[in-house]
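Please construct the entire structure, taking both the sequences and the accompanying hints into account.
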Amino acid sequence: MRRHSRRIFNICYRFTGNRTEAEDLSQDVFLRVYRTLGSYRSAHGGFATWATSVTRNLLIDHYRRTKRDRITDSLDDKMPVVENKESAGRRPDEQALLGELSMQVQSALTRLSPELREAVILRDLQQLEYAEIQTVLAVPEGTVKSRINRGRIELARILQQMGVRPA
Amino acid sequence: MTWTCDLVEARLSDYLEGLLQGPERAEFEAHANSCADCAPLVASVRSLVVEMHSMDELETPPRLVYSILDKTLGPRETVTGWQGFLNVIRGLATPKFAYGAASVMATLIIILGASGFSLRKSKLADLRPAAIYQTADRGVHRVGAACVKYVSDLRVVYEIQSRLRQDENNLQTKPEELLPKPSPEKIPGQTDEYKPSQPRQQNRANEVSRQLEMLAVELPMLSERSVR
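Read top to bottom, the protein sequences are chains V and L.
Counting along the first sequence from 1, when you hit position 111 you're at 114 in this note's numbering, and nothing is skipped either side.
Counting along the second sequence from 1, when you hit position 225 you're at 357 in this note's numbering, and nothing is skipped either side.
Be aware that a few hints might be false.
Capping the alpha-carbon separation at 20 Å, the derived lysine to aspartate or glutamate pairs in DMTMM-like fashion look like this [unchecked claim]:
{"id": "1", "chain 1": "V", "residue 1": "K70", "chain 2": "V", "residue 2": "D27"}
{"id": "2", "chain 1": "L", "residue 1": "K203", "chain 2": "V", "residue 2": "E26"}
{"id": "3", "chain 1": "L", "residue 1": "K255", "chain 2": "L", "residue 2": "D269"}
{"id": "4", "chain 1": "L", "residue 1": "K203", "chain 2": "V", "residue 2": "D31"}
{"id": "5", "chain 1": "L", "residue 1": "K281", "chain 2": "L", "residue 2": "D269"}
{"id": "6", "chain 1": "L", "residue 1": "K281", "chain 2": "L", "residue 2": "E291"}
{"id": "7", "chain 1": "V", "residue 1": "K70", "chain 2": "V", "residue 2": "D31"}
{"id": "8", "chain 1": "V", "residue 1": "K70", "chain 2": "V", "residue 2": "E24"}
{"id": "9", "chain 1": "L", "residue 1": "K203", "chain 2": "V", "residue 2": "E24"}
{"id": "10", "chain 1": "L", "residue 1": "K203", "chain 2": "V", "residue 2": "D27"}
{"id": "11", "chain 1": "V", "residue 1": "K70", "chain 2": "V", "residue 2": "E118"}
One-sided excerpt, in silico: chain L residues whose CB lies under 10 Å from chain V [claimed, not checked]:
{"id": "12", "residue": "L148"}
{"id": "13", "residue": "L152"}
{"id": "14", "residue": "Q153"}
{"id": "15", "residue": "G154"}
{"id": "16", "residue": "S179"}
{"id": "17", "residue": "E183"}
{"id": "18", "residue": "M184"}
{"id": "19", "residue": "T192"}
{"id": "20", "residue": "L196"}
{"id": "21", "residue": "V197"}
{"id": "22", "residue": "S199"}
{"id": "23", "residue": "L201"}
{"id": "24", "residue": "K203"}
{"id": "25", "residue": "T204"}
{"id": "26", "residue": "V272"}
{"id": "27", "residue": "V275"}
Not everything, but these chain L residues come out facing chain V in the computed CB check (under 7 Å) [to be verified]:
{"id": "28", "residue": "L144"}
{"id": "29", "residue": "S145"}
{"id": "30", "residue": "L180"}
{"id": "31", "residue": "E189"}
{"id": "32", "residue": "P193"}
Hints are computed from structural coordinates only; laboratory data are not their basis.
Glycine is no exception: its CB is placed at the ideal position from the N, C-alpha and C atoms.
Below, the structure written as structure tokens:
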């Protein structure tokens with residue numbers, strides 16, 4: 004359980020960029036897994052792949068549910084602020100947790116569209132195979148490859164806009 | 133096939149993951165190295181992928197597992213009052229705990245017994261370290277003396293037995309030696325039993341062996357009496 008909880012927490016954190024939200028979502032994922040355990044079939048791939056699918060579905064639900072809040076937040080963001088945008092809202096313990104560059108990559112990830120974000124997270128941070136990502140996202144392999152490629156290019160451009168150049 | 137910037141961008145991940153082979157790879161590299169837009173893009177995406185692969189997984193918060201268990205299996209019940217006390221007692225009444233408690237008690241009793249502490253005549257002064265040390269020291273000396281006495285008694289008995297065995301052997305082999313011999317020359321001032329060459333302990337052994345022989349003669353009578 005600890006192994007799965009760590010992986011699920013990491014996916015949630017990379018997707019949301021918020022530790023508290025990631026904790027709450029991880030709990031919700033396990034609750035959903037617990038309730039729908041009867042629907043698990045080995046045809047879904049391994050248990051880990053199935054749990055990742057549940058996580059992904061819950062993250063997309065959460066993203067849609069909180070979209071309105073984010074629109075309001077983004078309007079607030081357009082107001083002139085003195086503090087640095089990247090470090091705003093990030094707690095010191097979170098900053099210590101991540102390295103400088105990792106923190107900027109994490110920050111850039113949250114600006115990606117959810118489709119590209121989830122593909123990049125599963126491939127480059129969770130290091131899943133294309134076939135597993137295909138099962139999790141329930142899309143053809145060509146779409147998976149295309150999303151990963153576009154996600155990486157988009158992420159590199161966002162980092163460039165932020166003035167970050169990975170060595 | 134002419135490689136455009138759009139095509140390089142579309143096949144960038146394939147190139148980075150080694151899926152482009154042979155002429156395709158050469159043409160991709162030829163365009164990427166010569167194009168002012170594509171070269172920095174390829175370099176930045178390559179270093180970004182390397183950076184993401186080297187990013188460590190975060191540790192889960194310690195309370196997360198308990199929160200998950202609470203959420204899935206329900207909150208743990210905290211029982212108070214008599215029910216809680218009974219639960220504690222029930223927890224203690226396990227074979228493992230009973231064996232552990234018995235072994236601890238046995239060890240304590242042995243240590244207290246060895247140190248001379250008596251529960252019946254216990255006084256507060258007995259618990260002073262000096263008093264415990266004195267009692268233990270006295271006990272050790274007493275045990276040591278008893279051991280020495282026991283060993284020396286064993287030694288005497290062994291000597292008696294060996295002497296008896298020797299005498300029996302002499303009786304069987306040389307009966308003529310038991311015949312009365314002419315008395316040796318008597319030295320004035322010395323008794324008949326004086327033997328300067330024998331040690332005192334052997335004299336004592338001879339004496340004990342004589343007594344044992346007498347007892348052996350008497351023993352059938354004693355045993356007959358006890359039967360009656």
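Structure-based check of all given hints:
At most 20 Å may separate the alpha-carbon atoms for a hinted pair to count; K70/V and D27/V meet this at roughly 17 Å. The straight-line distance between the Cα atoms of K203/L and E26/V is roughly 12 Å, inside the 20 Å bound, and the hint therefore holds. The suggested pairing of K255/L with D269/L holds, with an alpha-carbon distance near 19 Å, which does not exceed 20 Å. Distance check on the hinted pair: K203/L and D31/V sit about 8 Å apart at the alpha-carbon level, within 20 Å; holds.
For the given pair, K281/L sits about 18 Å from D269/L by alpha-carbon distance, which is consistent with the 20 Å threshold. Between the alpha carbons of K281/L and E291/L the distance comes to roughly 15 Å, so the proposed pair stays at or under 20 Å and holds. At most 20 Å may separate the alpha-carbon atoms for a hinted pair to count; K70/V and D31/V meet this at roughly 19 Å. Distance restraint check for K70/V and E24/V: the Cα-Cα separation of roughly 14 Å lies within the 20 Å cut-off, and the hinted pair is therefore satisfied.
For the hint linking K203/L to E24/V, the alpha-carbon distance of about 16 Å falls within 20 Å, and the restraint holds. For the hint pairing K203/L with D27/V, the CA-to-CA distance comes to about 10 Å; that is within 20 Å, so the pair holds. Restraint check for K70/V and E118/V: the C-alpha separation of about 14 Å stays at or below 20 Å, so the hint holds. At a threshold of 10 Å, the smallest CB-CB gap from L148/L to chain V is about 8 Å, leaving the interface hint in force.
The interface hint given for L152/L is broken, as the beta carbon of that residue sits about 13 Å from the closest beta carbon of chain V, more than 10 Å. A least Cβ separation of about 16 Å between Q153/L and chain V goes past the 10 Å threshold, and the interface hint is therefore violated. Hint status for G154/L relative to chain V: violated, with the closest Cβ pair at about 20 Å, above 10 Å. This hint holds: S179/L has a C-beta 4 Å from the nearest C-beta of chain V, less than the 10 Å allowed.
Interface restraint check: E183/L against chain V, minimum CB-CB distance 5 Å, threshold 10 Å, status holds. Given the 10 Å rule on beta carbons, the hint for M184/L holds: about 4 Å separates it from the nearest Cβ of chain V. Interface restraint check for T192/L: the shortest CB-CB distance to chain V comes to about 5 Å, inside 10 Å, so the restraint holds. With a least beta-carbon distance of about 6 Å to chain V, the hint placing L196/L at the interface is held under the 10 Å criterion.
The interface hint given for V197/L holds, since its Cβ lies 6 Å from the closest Cβ of chain V, which is under the 10 Å cut-off. This hint holds: S199/L has a C-beta 5 Å from the nearest C-beta of chain V, less than the 10 Å allowed. Interface restraint check: L201/L against chain V, minimum CB-CB distance 8 Å, threshold 10 Å, status holds. A hinted interface residue such as K203/L counts as satisfied when its beta carbon comes closer than 10 Å to some beta carbon of chain V; here the least separation is about 5 Å, so the hint holds.
Proximity of T204/L to chain V holds as hinted, the smallest CB-CB distance being about 4 Å (cut-off 10 Å). Nearest Cβ of chain V to the Cβ of V272/L: about 55 Å, over the 10 Å cut. The hint is violated. Restraint check, V275/L versus chain V: the minimum CB separation of about 57 Å is more than 10 Å; hint violated. For L144/L, the interface hint holds, the least distance from its beta-carbon to any beta-carbon of chain V being 6 Å, beneath 7 Å.
The interface hint given for S145/L holds, since its Cβ lies 4 Å from the closest Cβ of chain V, which is under the 7 Å cut-off. Taken as an interface hint, L180/L checks out: its beta carbon lies about 5 Å from the nearest beta carbon of chain V, inside 7 Å. The restraint placing E189/L at the interface with chain V holds, with a minimum CB-CB distance near 5 Å, inside the 7 Å limit. Satisfaction of the interface hint for P193/L is found here, the shortest Cβ-Cβ separation to chain V being roughly 6 Å, below the 7 Å cut-off.
Of the numbered hints stated above, those contradicted by the structure are hints 13, 14, 15, 26 and 27, listed in ascending order.
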